[in-house]
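Enquirer: One letter stands for each residue in the lines below.
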Amino acid sequence: AQSVSQHNHHVILSEAASLELGCNYSYGGTVNLFWYVQYPGQHLQLLLKYFSGDPLVKGIKGFEAEFIKSKFSFNLRKPSVQWSDTAEYFCAVKPSGGGNKLTFGTGTQLKVEL
Amino acid sequence: GAVVSQHPSWVICKSGTSVKIECRSLDFQATTMFWYRQFPKQSLMLMATSNEGSKATYEQGVEKDKFLINHASLTLSTLTVTSAHPEDSSFYICSASKGIPGDEQFFGPGTRLTVL
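Protein sequence lines correspond, in order, to chains G and E. Heads up, the first sequence is in the working numbering, so the first residue is 1 and it goes up one at a time. Heads up, the second sequence is in the working numbering, so the first residue is 1 and it goes up one at a time.
Simulated from the structure, these hints should not be mistaken for lab results. One or more hints might be untrue.
Claimed, not checked - No more than 25 Å apart at the CA atoms, straight line, and that leaves these computed lysine to any residue pairs for SDA-like:
#1 E/Lys98 with G/Leu48
#2 G/Lys111 with G/Gly29
#3 G/Lys101 with G/Ser18
#4 E/Lys41 with G/Gly53
#5 G/Lys101 with E/Thr57
#6 G/Lys101 with E/Leu26
#7 G/Lys49 with E/Lys14
#8 G/Lys101 with E/Lys14
#9 E/Lys14 with E/Lys98
#10 G/Lys61 with E/Val3
#11 G/Lys111 with E/Arg112
#12 E/Lys55 with G/Pro95
#13 E/Lys41 with G/Ser96
#14 E/Lys41 with G/Gly29
#15 E/Lys41 with G/Gln109
#16 G/Lys49 with E/Thr31
#17 E/Lys41 with G/Lys69
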């Protein structure tokens, strides 16, 4: 079975700082990878996803993530965060071609201060 | 497009009663729907996967007789928490998939259940 680790549980940044949230997964085969965001009081929204091809994936709101297969990682990055990026971020993984069952990481709470 | 709604958004009930939560895909047909439970400051834990017209597949450790799932149509799935107890208090989230292999899941806003 697959598993996902997000090592940063809480991150506090000032506006304009750069962001990198770690995500590592464990699975023996090929995977599809996702980052979801949950703004306060709102539902989960997809930020970006990787299925195949270019390992550097661009998402919404200026976010990007890089799939490094050798490191089993899919870290989320943003060059300059805004106060409105305050939210909880979840990394998720599913085996490619194996249905749509997602396994989520424990989430990272990001707080951006003015 | 791809909007998922849940009803109710929050519910408070007495211990021993049953509560039904609805999950609807508003603008697409959802071949598969998923039910998650989210504890405070924790991740989403998949409870079960339901496919339209067939029995739900429950994750290990989830009591199927306690958490009844029905996926009667391509736009509606329901989760009924039977004989609810305070430990069932949680945030329940559904998601829906169009059934295309590898497609993303679209999440509902969640239902906050409090059992007194």
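Enquirer: With reference to the structure, classify each hint as holding or not holding.
Expert: To see whether the hints hold, each was checked on the structure:
no.	hint	verdict
1	E/Lys98 with G/Leu48	18 Å, holds
2	G/Lys111 with G/Gly29	34 Å, violated
3	G/Lys101 with G/Ser18	32 Å, violated
4	E/Lys41 with G/Gly53	34 Å, violated
5	G/Lys101 with E/Thr57	11 Å, holds
6	G/Lys101 with E/Leu26	21 Å, holds
7	G/Lys49 with E/Lys14	41 Å, violated
8	G/Lys101 with E/Lys14	33 Å, violated
9	E/Lys14 with E/Lys98	36 Å, violated
10	G/Lys61 with E/Val3	19 Å, holds
11	G/Lys111 with E/Arg112	23 Å, holds
12	E/Lys55 with G/Pro95	22 Å, holds
13	E/Lys41 with G/Ser96	28 Å, violated
14	E/Lys41 with G/Gly29	30 Å, violated
15	E/Lys41 with G/Gln109	9 Å, holds
16	G/Lys49 with E/Thr31	21 Å, holds
17	E/Lys41 with G/Lys69	29 Å, violated
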